Amino acid sequence: MTNTEILQVLSGFIGSLGFGILFNVRSKRLIMAALGGLLSWFLFIALNKVILNEAVCYFLVAAATSFYAEISARIFKTPTTAFITTSLIPLIPGSSLYYTMASAFSGNLELFVQKAISTLQLASSLALGVILSAAITKMFFKRTNIKTKTEG
Amino acid sequence: MVKSFGYIINIGEQMLLSGAEVHRVEESISRMGYALGAERVDVFIITSSMVVTFHLKNGETYTQTRRIVSASTDFEKLHQLNELSRNICSGDLSEAEIEKRLKNISSLKRFPVWVEIICYSVIAGAFTLFFGGTITESVFSLLIGAIVRTVIYFSEKVISNKVFSKFISSAVITFLAFLLVNFKLIPDVDKTIIGNIMTLIPGIGLTNALRDLFTGDSIAGLLRFIEAVLIALAIAAGYFIVAVLGGV
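Read top to bottom, the protein sequences are chains A and B. Under my numbering, think of the first position of the first sequence as 1, with each following residue one higher. Under my numbering, think of the first position of the second sequence as 1001, with each following residue one higher.
Every clue listed holds true.
DSS-like mimics (lysine-lysine), calculated; alpha carbons at most 27 Å apart, straight line:
#  : chain 1 : residue 1 : chain 2 : residue 2
1  : A       : Lys77     : B       : Lys1109
2  : B       : Lys1103   : A       : Lys77
3  : B       : Lys1109   : B       : Lys1162
4  : B       : Lys1109   : B       : Lys1003
5  : A       : Lys28     : B       : Lys1109
6  : A       : Lys28     : A       : Lys77
7  : B       : Lys1003   : B       : Lys1100
8  : A       : Lys28     : B       : Lys1103
9  : B       : Lys1057   : B       : Lys1003
10 : A       : Lys77     : A       : Lys138
11 : B       : Lys1109   : B       : Lys1157
12 : B       : Lys1003   : B       : Lys1103
13 : A       : Lys28     : A       : Lys138
14 : A       : Lys77     : B       : Lys1100
Some chain B residues near chain A, calculated using beta-carbon distances under 8 Å:
#  : residue
15 : Gly1019
16 : Phe1111
17 : Val1122
18 : Phe1130
19 : Gly1203
20 : Thr1207
21 : Arg1211
22 : Phe1214
23 : Ala1232
Note that these hints are calculated values from the structure, not bench results. Nothing here was measured: the structure is a model prediction, and the numbers come from that model. Ideal Cβ placement from N, Cα and C applies to all residues, glycine included.
Required output: the full structure, derived from the provided sequences and hints.
Take a look at the structure:
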């Protein structure tokens, strides 16, 4: 890993931690959630060296990260959203949204279309990754019948 | 008994308000309803409204609707509501206990504003570095982040509207960034704006919207999607207005 990459992973961690506090995640769960942010960007950097397509990377990383979130949620007996929301923060396509906007403003239509499509692509890869891992974990952890008096 | 069903709906409402997915709230309400002896539970939830009917064994039905306004993410509250819901399902809580615990959860305090100001500032600084900004840019982002949260705080006092406050924040960010460039303190606006925009953009909203859509909660998903698009447009509008007026 280069220095820039280490810096990115660390700042991704701090960003996730910040959002964790904003979303009022408390105690050990906050650490787990922020570590998820570190994990997600680390995975992305590692994977992007092998697979050059960003959207595919996003999909796989989102799936892996939300698998981590599903497991943490079961360990800490808390809704998965708390972990997913915080861990995926570094993957949010903030810069491509900005460049979409900036290119629309400067009238560069070609760049605008390209950036807009890439923003949507990244966002939907994220969502698909999350859904995939939710489906897989659901298969592993069979839930009890809704009408019986167990588990919430 | 009937009182308990009211509490269940309150719990569901609070869950939705603290940022739970529609799917999860529907499931929790059903589980709690069956645990308290309902014969059939019908729940329909979209992000802004709830309709719940419990069919009791003696033939009576119990229905309530709720209008949901202004949800704000609070995962500690959600955690405790979830725990309460689990306990209700395992059936070891009396009506009075449910009421007491729900009251305690509702009175939970969030962090004070100054903590949020620090968070915004740290997030902005961190993401400026993350997207390749220099230390100088990152330090300025820290400052702008703190200003932005303060601006949001005051704008919410005047007009309590999410889209409006995002618009104002985005305008403030762009203005300050161009000001810094004007005084030659930073080479260009990009990294500073991106770092700060990370605190505003509806990335999670969009992801959740798509997730709702794919998992079959189409209406909730569409509402969330529209909200995310509106927020993105508000951010773009804030940027545009300042950039046009500043004649960049």
